[in-house]
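Trainee: Whenever a hint applies, use it, and build me the whole structure from the sequences.
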Amino acid sequence: MKTFTASLQNELEKIAAKKKFLVFLIIEILICLLCGIINLAIGKVSSGMISTSLILSNMPMTMLSFFIQIYIPLVVFMAACDLFAVEIHDGTIRATMMRPVNRFKQYFSKVAAVLILAGVYIVTLFLVTTIIKGIGAHSAAGLGINLLAYVLDMIPLIVLVLFAAMLNQFFNSPSLSIILCIILLIGFYIIGIIVPETSGLLFTGYMQWHNLWLGVTIPFHAMISKIGILLGYGMIFGCIGYYLFEIREV
Amino acid sequence: MDKEKVLEVNRLTKLYKNGRGVKNISFSISEGDVVGLLGPNGSGKTTIMKTIMGLCHANEGHVSIFGKNVEDNVEETLKQVGGLIERPVIFEYLTARHNLKMMARFYPNVDEARIDHVLKVVRLSQYQKDKVGKFSLGMKQRLGLAMAILSDPQLIVLDEPTNGLDIEGTVEIREIIKKMAMEKKASFLIASHLASEIEKTCNKVAIVHEGELLSFETMEDALKLNPSLEDYFLSTVKDKRGSVLI
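Chains as they are written, first to last, in the numbering used here: chain A, 1 to 250; chain B, 1 to 246.
Accuracy of the hints is not assured; some may be wrong.
Said to hold, decoys possible - Using C-beta positions, here's what the derived DEER-type ranges look like: (1) HIS117(B) <-> ILE38(A): 52 to 62 Å; (2) ASN109(B) <-> ILE38(A): 56 to 66 Å; (3) GLN126(B) <-> GLU13(A): 44 to 54 Å; (4) SER65(A) <-> ASN41(B): 29 to 39 Å; (5) LEU137(B) <-> SER225(A): 54 to 64 Å; (6) ILE247(A) <-> ASN41(B): 49 to 59 Å; (7) ASN109(B) <-> THR62(A): 48 to 58 Å; (8) PHE170(A) <-> LYS131(B): 50 to 60 Å; (9) GLU168(B) <-> ASP90(A): 24 to 34 Å; (10) LYS184(B) <-> GLY187(A): 51 to 61 Å; (11) LEU214(A) <-> THR13(B): 57 to 67 Å.
Claimed, not checked - One-sided excerpt, in silico: chain A residues whose CB lies under 10 Å from chain B: (12) GLU13; (13) THR62; (14) LYS226.
For the record, the hints were derived by calculation from the structure and aren't laboratory data. Using N, Cα and C, we set each Cβ at its ideal position, and we do this for glycine too.
Mentor: Rendered as structure tokens:
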């Protein structure tokens, strides 16, 4: 466990040393602020005809839908690419591989680091949107539900991180890896839209996991099968990715 | 009294898809040995070293460190090994000290004082807060060596350690190796294609040619009938192969 913690700490420090992740976090905050300001401005211009408090009270959930499906996956792909494909490409992956830590711990410490990064983005999003809601709508109603939605949406993110980590094992080229991650994610979204029957079978169909649990819920046995699908994807991505990492020669 | 065997390479075969690699390599290194792995470029020196460090998987045979198979006991065996393979593996966007600190986390015995010590040994103390990306090739090589000796390992595997170093730096590295072998009884496996470097640093020499181990002798025996290690290398290759391709 000690070597896993050491490895995880190293991976987190590598991420923290790269300024782009901070820049993307600032952009996330700016997008939220901009949305809040625009809504307030619309309210002012329409002289109260359009209720800004109604729009702003729903802001945490609206923003979550956008960020969880588009923005955070991009950050996840970048981080996974930096910790896997880039390190394999420039040989720095050897720095850890020559140390007394087995590859299982190395692989999953990198996965955990990317997941923690995604968590930071989610927490920041929740805090910023909740503050904007509090200021704009003068309301704290639904705070618990919103928090639960954010926590629930971390679950499909685990699968997404495992998916990105696995894809990064197939290629030595960082640019190819990241492009493939993006193309496949977009492809899965498009397939889910064009053929709605398949959206339930693709893990990307569950990116807004909270929709299944909050509001109008589906029967429990249907939930079990959906949990099974997501769990299955996670296990498959995790096992394939780790296996490829274990046999890799650098 | 027999010295303890630190490293044992037993019938190691590692072949790449292109058919190159090493075949049936066997040798062992005891406590305090400084073994030079001499051979031309592409002879398989790095492959042997990569397999020792667990970076490559052997097709046949095995590598043991203190009697334990490396592939089965990565955490236990690599605790006692430090390495510098091909080129220094360093994160250029971090400082020299940060690079060392990150690697120190894997060893319970490495503290801040030890980091200070290795930085001093490789003469990088004054540059410890500089980003490695700004370092010269020689400084990176010295940092690579610092990372290899950081945990005070019993076995140190160095692939072309004097690459990119000036004369002063080369002599310094040689002195560090000799001092560690003498005082700490650390064992070294040093790969080089420069016979003169191996001759000055090592007490044993292994000749690797086209993926095969042609000889493994003490430096004394190697130089008995030959005026220099270069001559020993040429005669060994000629004896085994019938001709010398230079």
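Trainee: Indicate whether the distance between the beta carbons of LEU214(A) and THR13(B) respects the range 57 to 67 Å.
Mentor: 59 Å, holds
Trainee: Assuming the hint says 52 to 62 Å, is it satisfied by the Cβ distance from HIS117(B) to ILE38(A) or not?
Mentor: 58 Å, holds
Trainee: When the nearest CB of chain B is found for THR62(A), is that gap smaller than 10 Å?
Mentor: Because about 36 Å separates THR62(A) from the closest Cβ in chain B, which is outside the 10 Å limit, the hint is violated.
Trainee: Holds or violated: is the Cβ of LYS226(A) closer than 10 Å to a Cβ in chain B?
Mentor: Interface hint status for LYS226(A): violated (38 Å vs cutoff 10 Å).
Trainee: Does GLU13(A) meet its interface restraint, that is, does its C-beta lie within less than 10 Å of any C-beta in chain B?
Mentor: Since chain B brings a Cβ to about 7 Å from GLU13(A), closer than 10 Å, the hint holds.
Trainee: Taking the CB of LEU137(B) and the CB of SER225(A), does the distance hold inside 54 to 64 Å?
Mentor: At 58 Å between Cβs, range holds.
Trainee: Measuring from beta carbon to beta carbon, are GLU168(B) and ASP90(A) in 24 to 34 Å?
Mentor: Cβ of GLU168(B) to Cβ of ASP90(A): about 29 Å, so the range 24 to 34 Å holds.
Trainee: Is the distance from the Cβ of GLN126(B) to the Cβ of GLU13(A) consistent with 44 to 54 Å?
Mentor: Since the Cβ atoms of GLN126(B) and GLU13(A) sit about 23 Å apart, the hinted range of 44 to 54 Å is violated.
Trainee: Is the distance from the Cβ of LYS184(B) to the Cβ of GLY187(A) consistent with 51 to 61 Å?
Mentor: Since LYS184(B) and GLY187(A) have Cβ atoms about 57 Å apart, the given range 51 to 61 Å holds.
Trainee: Just to be sure I understand the hint, the distance between the Cβ atoms of PHE170(A) and LYS131(B) should be within 50 to 60 Å; is that true here?
Mentor: Violated: the Cβ-Cβ distance is about 32 Å, outside 50 to 60 Å.
Trainee: Confirm or reject the claim that ASN109(B) and ILE38(A) have a C-beta distance inside 56 to 66 Å.
Mentor: Holds - the Cβ-Cβ distance for ASN109(B) and ILE38(A), about 58 Å, lies within 56 to 66 Å.
Trainee: Given a hint of 49 to 59 Å, does the C-beta separation of ILE247(A) and ASN41(B) actually sit inside it?
Mentor: 27 Å, violated
In summary, the structure is inconsistent with hints 3, 4, 6, 8, 13 and 14 from the numbered list given earlier, while agreeing with the others.
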